[in-house]
Amino acid sequence: MIEFHKNWLHRSYLVIKDKYKEIDSLDQQIGDGDHGSTILRGLDKVVNNFENIDINNEVDFMSEVSRLMRISMGGASGILMTIFIKESTNLNINNIHKSVLNIFSSTIEKIKKRGKVNIGDKSILDIYYPLHVKINNEDDFLIDEIFSSIDSSLQNTKNMEAKVGRAKFLDTKGVGVIDPGAFSTSIILKEFFREIFNEKNN
Amino acid sequence: MIEFHKNWLHRSYLVIKDKYKEIDSLDQQIGDGDHGSTILRGLDKVVNNFENIDINNEVDFMSEVSRLMRISMGGASGILMTIFIKESTNLNINNIHKSVLNIFSSTIEKIKKRGKVNIGDKSILDIYYPLHVKINNEDDFLIDEIFSSIDSSLQNTKNMEAKVGRAKFLDTKGVGVIDPGAFSTSIILKEFFREIFNEKNN
Amino acid sequence: MKKIINLKENIVNDMLNGYVKANSDRVKFFEPNKRLIIRKNPKNISKIPLLIGNGSGHEPIALGWIGEGLLDANVVGDIFSAPSGDLILEGIKLFKSHPGIVLLISNHAGDVMNGEMAIELAEDENINVKALIMYDDIASAPKGKENERRGGAGTTFIYKILGALSENGENLESLISMGKIVRDNTRTLSVAISPGVSPISGKKIFEIAEDEIFIGMGVHGESGYGRQKIDNSKKIVSTMLDKIFDDFSYSNGDILIPFVNGSGATTLMELLIIYNDLEEYLTKYNIKIYKPLVNEYITTQESAGFSISLLKSTEEMRNLWSQKTSAPYFHL
Amino acid sequence: MKKIINLKENIVNDMLNGYVKANSDRVKFFEPNKRLIIRKNPKNISKIPLLIGNGSGHEPIALGWIGEGLLDANVVGDIFSAPSGDLILEGIKLFKSHPGIVLLISNHAGDVMNGEMAIELAEDENINVKALIMYDDIASAPKGKENERRGGAGTTFIYKILGALSENGENLESLISMGKIVRDNTRTLSVAISPGVSPISGKKIFEIAEDEIFIGMGVHGESGYGRQKIDNSKKIVSTMLDKIFDDFSYSNGDILIPFVNGSGATTLMELLIIYNDLEEYLTKYNIKIYKPLVNEYITTQESAGFSISLLKSTEEMRNLWSQKTSAPYFHL
Ligand SMILES: Nc1ncnc2c1ncn2[C@@H]1O[C@H](COP(=O)(O)OP(=O)(O)O)[C@@H](O)[C@H]1O
Ligand SMILES: Nc1ncnc2c1ncn2[C@@H]1O[C@H](COP(=O)(O)OP(=O)(O)O)[C@@H](O)[C@H]1O
Ligand SMILES: [Mg+2]
Ligand SMILES: [Mg+2]
Ligand SMILES: [Mg+2]
Ligand SMILES: [Mg+2]
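Residue numbers (the working numbering), protein chains in the order written: chain A, 15 to 216; chain B, 15 to 216; chain C, -11 to 320; chain D, -11 to 320.
Note that these hints are calculated values from the structure, not bench results.
None of these values were measured; they are calculated from a predicted model.
Among the hints, a few may not be true.
In the DSSO-like style, the derived pairs of lysine-lysine whose C-alpha atoms are separated by at most 30 Å in a straight line are [said to hold, decoys possible]:
1) A/K59 / D/K222
2) A/K130 / C/K133
3) B/K182 / D/K168
4) D/K279 / C/K9
5) D/K192 / B/K182
6) D/K9 / C/K217
7) B/K33 / D/K279
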């Protein structure tokens, strides 16, 4: 399964590389303008260093990957966004539905605790949570539905008032702008599911 | 003669008060924008403190006046512009022509030495010197001629390249702008001669 | 963007290299980790080290405060972002043979998350480390909710006083308890005048009109009491002090340590004028003053602005405040 | 104009009051003259005092350098203008019972005129005072005409080294001769990046395009080598050092004291990055470095820019450089 993670992160890296300026510019409107660069830096650090991580055990491998990402990203986003990366090792390709639900529920719980954040606070949680609910309500999942759920969750962050992150300190509370962390999270999650579907179809 | 000096400086003060912004703005173009305020501050300091200067001897009185002006003005202009103020006590109302020539020649000599400055360097000297020449060439002097000599000397500073003062450090060397120190000097000298003519006519 | 730097990606590394080279008699990297700076002559093993992780871009804090009688280590994050808990953990582990360790955390979300993570990981390794969350900025949360306030320039009192106290051999519990007392007796209020430029985005860090100032803005442009027309020093200072005096009750004869901090572009000339008005205000209330600090210590690039911090001091605090330190950029 | 001041006419007085209050343990006015600041604990009567008159607006220099092991008195002029010779004379007279006095004069027209006047008046009163004209800025006059150069940030070496030497009891002649040696071994070059605002006129002190810097500009905006496109730190530093190395010949194994001075708004982050590149350059030439100084000391309001000064040092100079001082704003 290490290959799964490598592929997933590599794809995510490529998409983020393509879009990081767009994400920076969202963060420029409601933060300090660096989220795209920050997540790109984190992914770059691991994706272009896979060969140097001399660990064969999947859990330890991803634990090192998330440590490296956290270090190179720093800040709140580094610590919060690597929670899913680490939890993802609980994916069981033979029991996708259940294991994905577990990954999401423990990710969400950990983000809430570490980030002192709630649903609707305009953050990455507003991608994870609605998706978790959706998956929970269905027996199986179709990639198109997942993607459209992610897309609509992302759009929903636009009109939220920020209660965490730098946007919370703006007079506007960031209303009217998509949350940059939610944007990058949406990319990483889409690639995660794309990779799952690839695995299934192989 | 103390009254002569008080009247002269008081008149000068009033004219400078009226024009100091204009002088500041010249200095803004070719210096640090403070010459009008600086000379006003110097004159204000003495003119509004005459009653506190408890000295009856003319020479000592004007020596104290120039000391006070120098202290409150500071800089190059403070030291150089008070030279004439102090020398002016050599005015002999019974021998105006000769005493004025002496005042001018020693003022010019002292300014040249202290200021390491020459004729044509775009400075206060370019008012004193041509006027000295003019007075020297004539037996008597008419106020209108004095004034028009001062005015034309002042205009002449406009096209000089500065070799002293802050304007010397400009790319343009201050060409195209009247020298602010020359402007304030022209006012003080005009009032000096006006007061002489008043004395004569009394 | 008009900054004299090399590659944007290397700003922090280049700066740290310059800092360590320029002060090689007093500080060094904890090799090979070039984000962890420590004292050249480490603290005696019997004493309690003090460390902090913080984002950069606010120099000289905190790297400039490493030295005898002040900080033992600084874990340096990228511009305006806290270093990860993993790095802070490395800093903590460095001192694991000491009887205890104090991790200072300025109350900002990223710093707290990463600091707490580091503490949890260190506790898993049975290291005796305690966190002290520092806050002082009265504009960031109302009276009664002091622990929700941001860490501002007044946290300086904690750094300096605990730094001296730990050098004197005090134990972990006493340090933490003194830290809390200092915190509870500190109040800070700041004013933003004009924005600096983020070296990352190349954009202004906040926006403010030509004739306005912003009372209570945080160091990253976080909002506080709000905008108002610019006024003279005496009026701004008294508006600020009125707010601080509403928040904390000072009495006749109290001895305060004032700190006027410049945020980057505000001149020392202005800071001294502000200090003059501040001292006049305090004197009016019969308040005494001990060794004030007036300079730029916690900056946000070339932002103009300043903060006023007041510590109501005890004699012990005053002695510790003026105790000597070898830190390259802390000077009473 | 976005400065936090009270009445424009009182800027300097308000600042000095703030300075003297904030540092009342170390400095005071020579009452009733509120433009003459002296040490609280005066120098021993057998030693040679050091004083200087200078315009304000460049803080912390020189008022911040009053203290044991540095200056004995500072006569403070208005913004950007030298104090009058009469005031400097008052400063000189204060020390007339000492065996001699050094008047430092930075080579700028107003300072020289007023300093010379003060010296003449003091000599008339049989006071044993000697002037030392300080210059170092290589952009202001060509090689061979060193004595026409302006006084720049490198004059700091003279202040500090003579301050320590006089504290050690050296006589007037030795001080002047050491001062000249230090001067002859100092070179400075500066760069202006963006202008500060004059607190008098409310206007920018100089003009410079958004993508340009100006190499060799003097502290009041005086012109030097000229404008060029902004570049990265490494290139700017090497351009500057190339010019300094053209002007002075350094050899393998020389021990230099570098000083990177910020002119107001340039961040410490940048100054440290610049220092990093500077040390790299010097190391390439096998030049050794002793205790560099990196901070804002000679400013021009909130101008952005910096200067590099190098002193080729002897062992004696190095010892004096690092000798302790109590000056409120000088810190190695
Ligand atoms: N407490 C939090 N809980 C959840 N997500 C958060 C929290 N704080 C910040 N974030 C996320 O981090 C994003 C900003 O990340 P980034 O720009 O990298 O960090 P920084 O704000 O330190 O510059 C926000 O858009 C938000 O989604
Ligand atoms: N060396 C000098 N010799 C003669 N006049 C001078 C000299 N230096 C300056 N000045 C005069 O001083 C004027 C500027 O005065 P002011 O603005 O008060 O001084 P500062 O340049 O210190 O701001 C100049 O316009 C010039 O006439
Ligand atoms: Mg951000
Ligand atoms: Mg001027
Ligand atoms: Mg950030
Ligand atoms: Mg001036």
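Results for each hint:
1. A/K59 / D/K222: holds, 26 Å
2. A/K130 / C/K133: Holds, because 16 Å separates the two Cα atoms, which is no more than 30 Å.
3. B/K182 / D/K168: holds, 27 Å
4. D/K279 / C/K9: The given pair, whose Cα atoms are some 10 Å apart, holds under the 30 Å limit.
5. D/K192 / B/K182: holds, 18 Å
6. D/K9 / C/K217: OK: D/K9 and C/K217 at ~29 Å, within 30 Å.
7. B/K33 / D/K279: Status violated; Cα separation ~52 Å.
Of the numbered hints stated above, the single one contradicted by the structure is hint 7.
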